[in-house]
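Per the numbering used here, the sequence shown starts with residue 1, numbered consecutively.
Calculated from the structure, these hints are not laboratory results.
Be aware that one or more of the hints could be misleading.
[Claimed, not checked] Below, computed lysine to aspartate or glutamate pairings styled on EDC-like, alpha-carbon distance capped at 20 Å:
1. Lys233 x Asp358
2. Lys233 x Asp290
3. Lys233 x Glu155
4. Lys233 x Glu371
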Amino acid sequence: MTRRLFGTLCGLVFFVNLGRTAFAPLVEPLQAAFDVGPAAIGLVTSLVWFGTAVPRIPVGYLLTRVPRHRVVLGTGALLTTAAAFTATATTLLALQVGAFAIGIASGAYFVAAVPLVGELYPDAVGQAVGIHGTASQVAAVVAAPVVVTLLAAGEWRHVFWLLAACTAMLTAVLVVVVRTRETVPSSAGDDRNFREALSHWHVILTGVAMVAVVGFAWQGLFNFYVPYLTATKGFTPTQANTMLTVVFAAGVPAFWFSGRLADRLPHLPYVLGIVAAFGACLGALTLVSDFVPVLVVTATLGYVVHSLFPALDTYMLGALPAENRGSAYAVFSGVALLIESGGSGAVGFLTGADVPFDSVFRLFALALGIELAALLALYAAGRLPSDTRRLDVVTD
């Protein structure tokens with residue numbers, strides 16, 4: 001029964017992430033369809049990720065009152081509706097509203113589902129989170145090929161009609177699965193005090209510090225990866241879309257192996273090492289231009305950045321106490337994503353003001369270096385909270 005619920009969650013997260021990542025390969029088609037520039041579509045992609053951030057803290061409070069699996073069901077219904085609305089958009093405002101709603105659904109899903117996944121497999125949290133993340137990452141890998149195929153066969157709206165239909169089907173399957181009470185952790189748990197969750201601010205702040213700047217840079221990079229490669233590196237659109245696929249494809253083994261490594265390695269050194277590697281890869285990307293070097297850096301960067309997410313989730317779920325884990329995790333992810341969501345909007349604004357892509361990404365790499373130096377100093381001084389707790393079984 002646990003495997004059935006876990007498998008259904010892995011299926012649903014595939015479409016949740018497809019809804020978020022489908023906008024990246026649609027940047028140029030949407031510019032043409034709505035006759036707008038990069039700044040306008042950069043705002044649309046930012047709204048997806050801003051929407052992902054906005055519901056997390058409110059949903060964290062909701063989870064002190066409503067079981068996680070019911071919230072997951074609600075997010076499936078919302079994503080279905082939001083995708084259908086986006087598919088019917090005829091104005092830029094409607095497209096922005098639809099993108100924001102897709103983001104809200106995905107953000108609420110992850111807040112409810114990630115702690116639930118950890119509860120299903122309390123003795124292998126990193127592995128379970130990694131597998132769940134792998135399913136999510138596969139969607140990011142196929143996003144560009146799916147979009148290109150659907151554009152060749154029709155128009156951009158077909159992407160969101162497909163998303164609505166598939167999400168509706170998976171949500172219906174989840175309804176059937178959770179009707180059997182044994183498939184969901186049976187205890188009510190103690191995660192009922194949202195105010196107490198905020199008392200773990202030192203853990204929350206540490207998690208935000210380790211992911212926010214990386215996430216900001218990553219959002220700006222991948223949402224504009226195709227325009228970046230075509231404008232700066234001289235790639236054809238086909239080559240650029242291939243690179244976008246590669247950067248996400250590298251995340252599939254990254255989620256799989258990083259989750260397992262997170263169960264075995266000291267969490268803080270591992271996460272800080274990943275942050276350092278991402279900054280190095282981002283800087284290296286601005287220095288190469290030929291196809292093969294860009295391919296190597298792209299694959300490495302994709303592996304590194306996607307290694308961060310299961311590693312950091314494992315750290316957070318272990319460092320937070322069982323009685324406040326779900327709501328405190330929601331606060332962490334909400335604050336982090338509010339910061340991260342501005343990445344693509346910042347890139348769109350700066351490049352729209354004629355700042356070269358390479359200059360923008362070098363600035364991001366510099367900011368990462370400053371952040372990493374501060375974190376390393378705090379770690380050396382013993383000021384960062386360690387994960388010393390074993391993840392106990394917490395259920396709805």
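Going through the hints against the structure:
Our distance criterion of 20 Å between C-alpha atoms is met by Lys233 and Asp358, whose separation comes to about 10 Å. Our distance criterion of 20 Å between C-alpha atoms is met by Lys233 and Asp290, whose separation comes to about 7 Å. Restraint check: the Cα-Cα separation between Lys233 and Glu155 comes to about 27 Å, which exceeds 20 Å; the hinted pair is violated. Using a Cα cut-off of 20 Å, the hinted pair Lys233 and Glu371 is violated, with the two alpha carbons roughly 28 Å apart.
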